[in-house]
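Now for the letters of each chain:
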Amino acid sequence: MTSYTEPFWSALEEGRFLIHGCDGCEEAFFPPSPICPHCHSTDVRWEEASGEGRIHTYTRQHTTAADFEDGIVVGVVELAEGPRLLAGIDARYEALSIDDPVDLEVRRYDQAFDRGRLADSPFYVATVRSE
Amino acid sequence: MTGQPAPTVSGIGLVPNGRYSIPDRDLALGVIREAVAEAGIDLSAIDGLYMPSPRPWTPQGFFSTYLHRLLGLETRRSIEVATGGTSGGHAFHAAVENVRSGAVEAALVLALERHSLIETTGPYFDYVATLFDREFETPIGLTIPGVYAQSLRRYLFEYGIEREDVAEIVVKNRRNARANPNALFDEAVTRREVLSSRPIADPIRLYECPAPCDGAAAVVITDGPSDGAAEPPVSVAGIGAHHAASHLLMSHRNEPTELPAIAESASRAVADAGVGVDAIDVFEPYTPFPHIEAIFAEELGLVGRGEGVDACLDGTTAPDGAHPISPSGGCLGRGHPPMVTPLLNHVEAVKQLRGTASTQVDGAEYAMTTAEHGHVNGVTATVFTTEAPA
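Chains as they are written, first to last, in numbering that gives the first Met the number 0: chain A, 0 to 130; chain B, 0 to 389.
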């Protein structure tokens, strides 16, 4: 058996960011799961997101676990399609504001944390889009 | 009213929050002896044991079973709970429900925390990383203050609150803790000291984080007042719990500044007690960061949305205010052994109702406590009263 989320990581390698849509209630959601968290329908499908979103909130964490760089900038990104997700933000903390437009970008994973079966998969960060 | 046994707090025991080098065993035995002695019962009368499952790094494993042998105790219920910060709240509620149903006649609720045994930026942060979505979030590297920092930023943004004013909630709770002999801190802090303390996760500063420490507490619940008890009985009038459809900061339904588990659990607890929130004279909540205390007041309807910080600034939540919150100092003033904080809140509520609190709210007859886990994703609420059950 393969992991349910395997299509997400395969698509990410190709530069596409996949989320889920529900045919039961028309809501989009993330992370992907075979059960819709809005209406509990199992009539769900993979959908490609635009990767565009806005910063809902954010922080700069000064002290981190040993596997991570200190001073990481992290935020909640609200995707144009609706779902929100946590993401690292590749930007200077001082330059950020709530509602800044961002794009999710595929990146090689560069922290020491062991992602197990996904150790060689890329990850994603948000970058600020100039409007 | 229903003819059910009335769960009654007959004895409490605790050690001051701090750092202990003695074994877990000795911390547990000390608070158990104190609580059982105060309840005026024989240890052999205890027929239920309830506790948060000790943290993964606690040296002694299989703790509740270990205690049964050590104490020569036989029970009809023995439960360890592992839901993070609500573990002590759920353990207490299980005890209350078992006493109400008659399954147990004398319940012992125990909690201990050995935070001093784990290095914060090492194995502890590694443990915290596992609390996030392992595949999509853990690789980002966030910790708990980084979660609360983001709800604080959004809270300031949504309601136009002055960031500096939030520090006043720390100032109040540190001031309240000064008189509490069991608190980690005995010195007050100024707004300026809070705001110039080390940044942890912007905009949260060190003094706005609950200080982790060791602790232990025990509570004996009997099925009605115990004849031999050393102190007047306090009834457990109502319990309520709720888990929102959320995990740390992420919810499909609510803003990070909304904490519906507080409102839902509290309304169930007061309904169970047969009163309204307006009957509560004093609150001892599990609110680990200052803006969470502000949102707590909002979720309970004590003040409107976005007015929780003002409620501190204008004295509403001071010990002599209309809605006293954390006269004991709470997590921010007492220090925070997460497995024990729910029971410490209960202990402080009981003291308020006995009239023996370190910062006493005059004439308190009803007290509410809460516990929470994650980013207040799950909450337990408990109402205590001096009133004898009808």
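Source of the hints: derived by calculation from the structure; they are not laboratory data. Beta carbons are placed, not taken as given, at the ideal position from N, Cα and C, and that holds for glycine. Don't take every hint at face value.
[Unchecked claim] Simulated coverage check for chain A against chain B, where a stretch passes if three residues somewhere in it have a Cβ under 8 Å from a Cβ of chain B:
1. 13 to 25
2. 46 to 54
3. 62 to 69
4. 89 to 95
5. 101 to 112
[Said to hold, decoys possible] Across the chosen pairs, the derived CB separations fall in these ranges:
6. Gly305/B x Tyr108/A: 34 to 44 Å
7. Ala244/B x Glu51/A: 44 to 54 Å
8. Glu51/A x Asp361/B: 20 to 30 Å
9. Met0/A x Glu386/B: 33 to 43 Å
10. Ala244/B x Glu68/A: 40 to 50 Å
11. Arg91/A x Ala270/B: 16 to 26 Å
12. Asp69/A x Glu163/B: 17 to 27 Å
13. Gly300/B x Glu47/A: 19 to 29 Å
14. Arg32/B x Arg91/A: 35 to 45 Å
Status of each hint after checking the structure:
no., hint, in the structure
1, 13 to 25, "violated (count 0)"
2, 46 to 54, "violated (count 0)"
3, 62 to 69, "holds (count 7)"
4, 89 to 95, "violated (count 1)"
5, 101 to 112, "holds (count 3)"
6, Gly305/B x Tyr108/A: 34 to 44 Å, "holds, 39 Å"
7, Ala244/B x Glu51/A: 44 to 54 Å, "violated, 26 Å"
8, Glu51/A x Asp361/B: 20 to 30 Å, "violated, 57 Å"
9, Met0/A x Glu386/B: 33 to 43 Å, "violated, 58 Å"
10, Ala244/B x Glu68/A: 40 to 50 Å, "violated, 32 Å"
11, Arg91/A x Ala270/B: 16 to 26 Å, "violated, 50 Å"
12, Asp69/A x Glu163/B: 17 to 27 Å, "holds, 26 Å"
13, Gly300/B x Glu47/A: 19 to 29 Å, "violated, 43 Å"
14, Arg32/B x Arg91/A: 35 to 45 Å, "violated, 57 Å"
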